[in-house]
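Chains as they are written, first to last, in the working numbering: chain A, 1 to 189; chain B, 190 to 619.
By construction, these hints were calculated from the structure, which means they are not laboratory data.
These numbers were taken from a predicted model, which means no experiment stands behind them.
Idealized CB from N, CA, C, for every residue including glycine.
Please note that the accuracy of each hint is not assured.
Per label pair, the in silico range of CB-to-CB distance [stated by the list, open to error]:
id	chain 1	residue 1	chain 2	residue 2	range
1	A	Gln59	B	Asn494	55 to 63 Å
2	A	Lys137	B	Ala555	36 to 44 Å
3	B	Thr534	A	Lys137	50 to 58 Å
4	B	Gly266	A	Arg48	47 to 55 Å
Below 25 Å or equal to it, Euclidean Cα-Cα: the simulated BS3-like pairs (lysine-lysine) are [stated by the list, open to error]:
id	chain 1	residue 1	chain 2	residue 2
5	B	Lys371	B	Lys205
6	A	Lys118	B	Lys248
7	A	Lys171	B	Lys224
8	B	Lys461	B	Lys472
9	B	Lys224	A	Lys118
10	B	Lys540	A	Lys134
11	B	Lys540	B	Lys507
12	B	Lys461	B	Lys519
13	B	Lys248	B	Lys371
14	B	Lys205	A	Lys118
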Amino acid sequence: MNNKSQKPVSTEDTETAFLMILNAQKAYQATLNKQQTSSHISVRQLIRLVTGPQTSDDQALLNQISSNFNARRQFRAILNTTALATQHRQAAAASTSSQAPHHRPGDEFDLYLRASSKDDGLFYLQLVISETAKTTKLSTAEVLFAETQGLFLSLPLPNIIEGLAQIVLPKGHPMINAFQDPEAEFFIR
Amino acid sequence: MSGYEVLIPTTRHAVKVISITAEAPDIRSVVCLNKTYQALPISAGYEQFVRRPTGIIEKLLGPSAYRVDVSAPITQGDSWQLGLALVHILKHNDEFVDHGGGTLIWASGEVDNQLRVNSVDHIAAKIEASREILQSAIENGQRVILLIAKRNLSDLPSGIISGMAVFGVSSLAESCEAIGTKMPKQLIFSQASATPAKRGKGKALAVLGSLVALVGLLVFNVPFQSLNNSYQYEQSGQLRMLRMEMRDMRRQKNWVATNALYFFEVMYLSAKSKKLASAITIKINAEADTNKQNKCRNLNGLVINAGRLPSLPDKGCKVTFEVTSHADNKIRIWLATIDRTSANTPLQLLKNGAEIAPGQQFFTPAVAIKSANFDLIAAISDRDDAAWRGWFDNLVDAGSIEIANLEMDRLTSTGVGIFQARWRPYNELE
């Protein structure tokens, strides 16, 4: 051992090193805590989101679900089992309709998107229940959900009168983007 | 300064009407909060106030859907009806403005389907909530008119703002007269027809009067507007709206309306459906060597007749269908083939659609037809398929005869032609 090569360690250096270790430990702990709070979404929360009354926090929770693979998978499964009706992704190439961008046909409900004649960026999103035996059941729907580009969206539905519910949306609303995405899926419950 | 601004009072604040826009008929009328794109809770009531058969605005002015933008929320009640009815009339007369008008109208009352103005509650509270804005308008030199139902005159507070003209009215016509605008002609005609003829002008005058009354009665009863709407909906391809309009006409329980609708359905829609159904020829192109069967060769070139046909070859044939249009105009066709071997779960083998001009053809993809219970269904229309494609899909997927009949009725009663060929085993034919 060569004791001459070793420098004497001052009290200040020791203090600095100790503080650095302490800060690193704090940062690590904070990161762990953050991950725990953001990733944990209980099944009860997911079910409440689908079946329960709408609250102002719903979209925040939907965003949280969208960024979490497991929660997204669970939420989709819950939606599939509890939704009154589902409109699957569109086979856009198969359509010969000239109104295709304004109309999304489905087995149980159709969606229409029409711009206001005032031309000020207001759109009407109309949900039309197909005239089948299930009309009465589907007319009780209260919320429209959409899954587009890995994101979940929801909108409360007004009363469905004579098989039709109409929602007013401003230009650029995420639900309009979902409507225009042929890969998007819609659910009503 | 010219033009009219309109205020709709509530117990919390006076709400100014910012704009009114006629929308496409398939939009539900809506009252929006200006700049927020938020539909107000009264929108459902406003839709009923506008659209026939319950609504008066469509009867009075024609268009069936509007969007109204207002400055502040109106959450409940029906007292907005008088104000919004006047906005519609003023807009129709090109006299409505959102600012800088010479006259400010403050109106509160319900309007029923006889166009009577009925009383509402809380008049004093509404005036109090509007006091500031009314006072300001008077100071700015605007003519301010306060319109309420006659029965509400006694509800006016003693300390009412000076400088306003107050009118108690019993009808929409009186309201228009009070503010100095014209009623739409349709309403004037209805009221004039109710005026009794004078007596003692001689026999000839009496006969003439009876004739005029008879013609007037017929004119009043014949649902020209409904028939016109139905025709317009059919022309524009809004077949769902067409069915709703026809249903409303049936509900009127007016014998003239019922008979007029019957003739419209039979002479126009049903005839059109039949004409379209016979406007196509479907020919089978069979691959002769499918399963090395001679019977497939026999199928080649066969023109399919509508109705019930004998069964297909047992081992099946690979075929395409050649569809030729003989229609006068461009038509849209959807064609499907279904294996009905299992009675409850029909198996869809092919669904294909195209738009073809007169004399043109289209070919479907190849499909193997081998069932003894095989159906071919084609729907033909000169209208956009967005309106009827869903009904056709339901018809193809129908698991019971009741559902199939329902969808058939939807299609044929709106002028869509249906071509149906059904192959069945020989023993069933016997």
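Status of each hint after checking the structure:
1. At about 58 Å, the CB distance of Gln59 of chain A to Asn494 of chain B agrees with the hint of 55 to 63 Å.
2. The beta-carbon spacing between Lys137 of chain A and Ala555 of chain B, approximately 39 Å, falls within the hinted interval of 36 to 44 Å.
3. For Thr534 of chain B paired with Lys137 of chain A, a C-beta distance near 22 Å fails the hint of 50 to 58 Å.
4. Hint check: Gly266 of chain B to Arg48 of chain A, Cβ distance near 34 Å, so the stated range 47 to 55 Å is violated.
5. Using a Cα cut-off of 25 Å, the hinted pair Lys371 of chain B and Lys205 of chain B holds, with the two alpha carbons roughly 22 Å apart.
6. Proximity of Lys118 of chain A to Lys248 of chain B is assessed by CA-CA distance (about 23 Å); at most 25 Å being required, the pair is judged to hold.
7. Proximity of Lys171 of chain A to Lys224 of chain B is assessed by CA-CA distance (about 12 Å); at most 25 Å being required, the pair is judged to hold.
8. With a C-alpha separation of about 23 Å, the suggested pair Lys461 of chain B and Lys472 of chain B falls inside the 25 Å cut-off, and the hint holds.
9. As the CA atoms of Lys224 of chain B and Lys118 of chain A are separated by approximately 13 Å, the hinted pair is consistent with the 25 Å bound.
10. Simply put, Lys540 of chain B and Lys134 of chain A have alpha-carbon atoms about 24 Å apart, close enough for the 25 Å limit, and the pair holds.
11. For the hint linking Lys540 of chain B to Lys507 of chain B, the alpha-carbon distance of about 16 Å falls within 25 Å, and the restraint holds.
12. About 14 Å separates the Cα atoms of Lys461 of chain B and Lys519 of chain B, which keeps this hinted pair within 25 Å; it holds.
13. A C-alpha spacing of about 16 Å is found between Lys248 of chain B and Lys371 of chain B, which places the hinted pair at or below 25 Å, so the restraint holds.
14. Restraint check: the Cα-Cα separation between Lys205 of chain B and Lys118 of chain A comes to about 18 Å, which is no more than 25 Å; the hinted pair holds.
In this structure, the earlier hints numbered 3, 4 are contradicted, and the remaining ones agree with it.
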